[in-house]
Amino acid sequence: MEDKKIYFDNNDTTPMVEPVFNAMKPYFMENFGNPASLHEYGLEAEEAVGKAREDIANLINATPEELIFTGGATEANNLALFGLARMAPEKKRHIITSKVEHHAILNTVKRLGKEGFKVTFLEVDREGFVDPDDLKKAITPETFLVTVVHGNHVVGTVQDLNALGQICRDSGVLFHTDAAQSFTKVPLNVKDTPIDLISLNSHKIHGPKGVGALYMRKGVKIGRLMEGGPQENNRRPGTENVPGIMGFAEAARIGIAQQEENNQHICKIRDRLLDRLLEIPHTHINGPQGDKRLSTNANITFLYIEGEAILMHLSMRGVFVSSGSACSSIALQPSNVLTAIGLKHEEAHGSIRFSFSKLNTEEEVDIAVGHMHAVVDQLRSMSAFIPEEHSEIEGKGTTFYKKKKDEF
Amino acid sequence: MYTKEYMRHFSNPQNVGDLENPDAVEDVYYKGGGCFDKVRIFIKINDGKVSEVTYRTRGCSGTIAACSAMSEMAVGMDLDRVAEITGDNIADSLGGVPEKKQHSMDLAAEALRSAVLKL
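Protein chains in written order, with this note's numbering: chain R, 1 to 408; chain W, 1001 to 1119.
Check the hints yourself; a few may be wrong.
Stated by the list, open to error - Straight-line Cα separation of at most 27 Å, BS3-like style, residue types lysine-lysine; simulated pairs:
1. K221(R) to K51(R)
2. K99(R) to K1100(W)
3. K1100(W) to K110(R)
4. K344(R) to K1100(W)
5. K1031(W) to K99(R)
6. K4(R) to K1004(W)
7. K136(R) to K221(R)
Stated by the list, open to error - On the chain W side, residues computed to face chain R include the following (Cβ under 10 Å):
8. D1037
9. T1057
10. G1059
Since the hints were made in silico from the structure, they are not lab data. Being a predicted model, the structure only gives us computed values, none of them experimental. The C-beta atom is built at its ideal place from N, Cα and C for all residues, glycine as well.
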């Protein structure tokens, strides 16, 4: 319908930018060497990967030895959690996490739960924050690991890593965070923060997909998840994704160098969109407002209509967003984050996440807001469930329940 | 991913709205998984056959497309036959739907069946 495409799904993935692509190009055909090879091609690749490792480590004030390249943040999360669990002493079998984690953490700790570890899922408040006192109370002599997401992928909540990390440090418990959404957007300095492991990724910062890293403070020991060669200091076997790592490093360098100006620009866009859309009746913001929210994230519930239908209409109009509604997921489950912050099913049902990057403009916001008004009007005109406009029919109606195959 | 027919019904749904003096009205709520789609269906009968079907919905693209297709299918059918319309029949009329949208097809069929049972 519309020629101009407006991409507001940057918490999902971001478009690559040209300098990143240019940084990768030589490592496909010219400098194609395997960093493990001993000849000139190999040495060139090894040097390039080493430089990338050093640069990314520097950006979070870590040392190169503390950084392991992975195939993305999901792998980094798995490596951290399974790797630490493999090394956990027999009497240390307790893991603490929160109810607002990404599935890369949630499903990993659930698996560890099935393997005999005790798992505590911390509640969050209405804005998605973990209460440090709750963490303090949850730690037992058996606890060996706490993992709490830094910037939330659904509602943008930025957790207080210092407060949570200090409690872990004081209790002698390892602290890991998934920083997939916050890296380059929120300052991260491992020298100033009581943190032991951090998962990072590339494709949410205009870098390539399929590459990420795990920061592990010197002295932290993890088991290997896969067997193979001695790459990544014997902790992650397999030939490194050299072009991917080159792109990741360039994206990270650019992201950190532009952190302040990008945040200013993106916050302006985010707040413009929030202000305009919250003028629509029967809407509310999900997650916090202000500087405790990722600059890149806005999440709004539009009551009485369904998120996937909104998303599909917007898509036809050239505006791309995501939704936490059950109908947006194959398992027909609403986002665990939205239910954890206390949204009722029908509120999660009508939620839309708009997520931004430095490439978005205020003009795009204005166009998208116009489309959003039209789509909300169209869908609400079909809805029979707006309390002011529609009365309940006699009786309670029929509840149609069909068990899905995966619903156990 | 979705057929042209699915997108046609979703983007321009037919027979949306209330029906004056309906022979039956029913609210149907889907509660499989975490999906809470709702459909309000209105039906009018004439001489043992369905003469009109309208609906309102708070539902996803699948539920909107399914209700639209269902509302066209049912008109002119005998009451005993209309209650036998299944989600698969509605999916077929849309040229097939992905598995994750089958629940919408089943919901639209159930809405029709529930309304007929209320007559």
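Discussion item. So if I understand the rule, the pair passes when the alpha-carbon distance is 27 Å or less; does K1031(W) with K99(R) pass?
Written reply: Distance of about 23 Å is within 27 Å: holds.
Worksheet item: Does the structure keep K136(R) and K221(R) at a Cα separation of 27 Å or less?
Response: 24 Å, holds
Worksheet item: Holds or violated: are the alpha carbons of K344(R) and K1100(W) at most 27 Å from each other?
Response: 22 Å, holds
Discussion item. For the restraint on D1037(W), tell me whether the closest CB of chain R is nearer than 10 Å.
Written reply: 7 Å, holds
Item to complete: Would you mind confirming whether the straight-line C-alpha gap from K1100(W) to K110(R) stays at or under 27 Å?
Response: Holds, at about 24 Å.
Worksheet item: Has the given pair, K221(R) with K51(R), been kept, meaning a C-alpha gap of at most 27 Å?
Response: The given pair, whose Cα atoms are some 24 Å apart, holds under the 27 Å limit.
Discussion item. Tell me if the straight-line CA distance from K4(R) to K1004(W) falls inside 27 Å.
Written reply: Holds, because 22 Å separates the two Cα atoms, which is no more than 27 Å.
Discussion item. What's the verdict on K99(R) and K1100(W), does the C-alpha distance respect the 27 Å limit or exceed it?
Written reply: 25 Å, holds
Fill in: Supplied contact hint for T1057(W), tested at 10 Å Cβ to chain R
This interface hint holds because 6 Å falls under the 10 Å limit.
Discussion item. Is the interface hint satisfied for G1059(W)? The criterion is a beta-carbon contact with chain R at less than 10 Å.
Written reply: 5 Å, holds
The structure meets every hint from the earlier list without exception.
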